[in-house]
Amino acid sequence: MSDIADRVKKIVVEHLGVDEEKVTETASFIDDLGADSLDTVELVMAFEEEFGIEIPDDAAETIQTFGDAVKFIQGAV
Amino acid sequence: MFDLTGKNALVTGASGGIGGAVAEALHAAGATVALSGTREAPLRELAEKLGARAHVVTANLADAAAVEALPKAAAEAMGSVDILVNNAGITRDNLFMRMSDEEWAQVVEVNLTSSFRLCRGVLRGMMKARWGRIVNIGSVVGATGNPGQANYAAAKAGLVGMSKSLAYEVASRGITVNCVAPGFIETAMTDKLNDEQKGRILAQIPAGRMGSAQEIAGAVLYLASPEAGYVTGATLHVNGGMAMI
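Residue numbers (this note's numbering), protein chains in the order written: chain A, 1 to 77; chain B, 1 to 245.
Just chain A, with the same shape it has in the complex (with noise of 0.2 Å):
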């Protein structure tokens, strides 16, 4: 696993209270991890800090998983 993921995933661990074991490629921060729509606004606040990019409203709207956000986050690095 990539060093963003592991990344990605302590947050995502840390923020939502979950095991890792949980935190898979196609999990959803709402439907699987247990996260509401303002837990969701803060990991991509933690995001952008741990990463020191901008995540665009528009943008947060599509990273509705584990996947999603590794995959922006990669691309915005």
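Misleading hints may appear alongside valid ones.
What the hints assert, rightly or not - Below 30 Å or equal to it, Euclidean Cα-Cα: the simulated DSS-like pairs (lysine-lysine) are:
#1 B:Lys128 - A:Lys71
#2 A:Lys9 - B:Lys128
#3 B:Lys192 - B:Lys49
#4 B:Lys128 - B:Lys164
#5 B:Lys72 - A:Lys10
#6 B:Lys128 - A:Lys10
#7 B:Lys49 - B:Lys72
#8 A:Lys22 - A:Lys71
#9 B:Lys128 - A:Lys22
#10 A:Lys22 - A:Lys10
What the hints contain is simulated information worked out from the structure, not anything from laboratory work.
Just so you know, these numbers come straight off a predicted model, no measurement behind them.
Once you have looked at the hints, place chain B on chain A.
Showing chain B alone in chain A's frame:
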């Protein structure tokens, strides 16, 4: 009680009577304050009077770009914004039938829209800190209406609905959002009334007098304090009994 040591507060309209008193009360409780307003001279004067832990960040709230920049400027000056007091307000009174689009838009822009933008601007830091206090200064007329003030009353009532909605969204993050609704308070705004107007107003106030800016500041200090952590989405009316709501 009400110890704000280590907290950083942004107060808009701090050059006015109520805003100045709010800034003084928060500062006296130990907070660092960023004083915002359009006129720099009275803000500097207040900052000098307060001494340490006081910063001046000027902004014209009718200018959207200046409003967007204000939370950042305040956070740069103080390190963070833990407490936001949206106090700045203007009036453009006119009879409804004569009220221009411009009079309506200016009052809604400064009193309501700028508060929305400032709330949005400070939320990120508060969410991360898992602590925040937003106090929006409304008005008794937002609840009762007032002839000649359709724009002002609409904007002030709008603040209440906005505050309640935001309070729902961020309550789980340790952030509270409340309103303080002053009645008739002795300020430059009410000094302009003549004796006859004042007499008519006083007849409607059970307390028999106008309130002081310090009495509003006390209500704001409470809502900004750690002790008020379980109070959110509320409107605290401070009006001498003029409207018991």
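Exercise for the section: Could you work out which earlier hints the structure fails to respect and list their numbers in ascending sequence? Expected result: none
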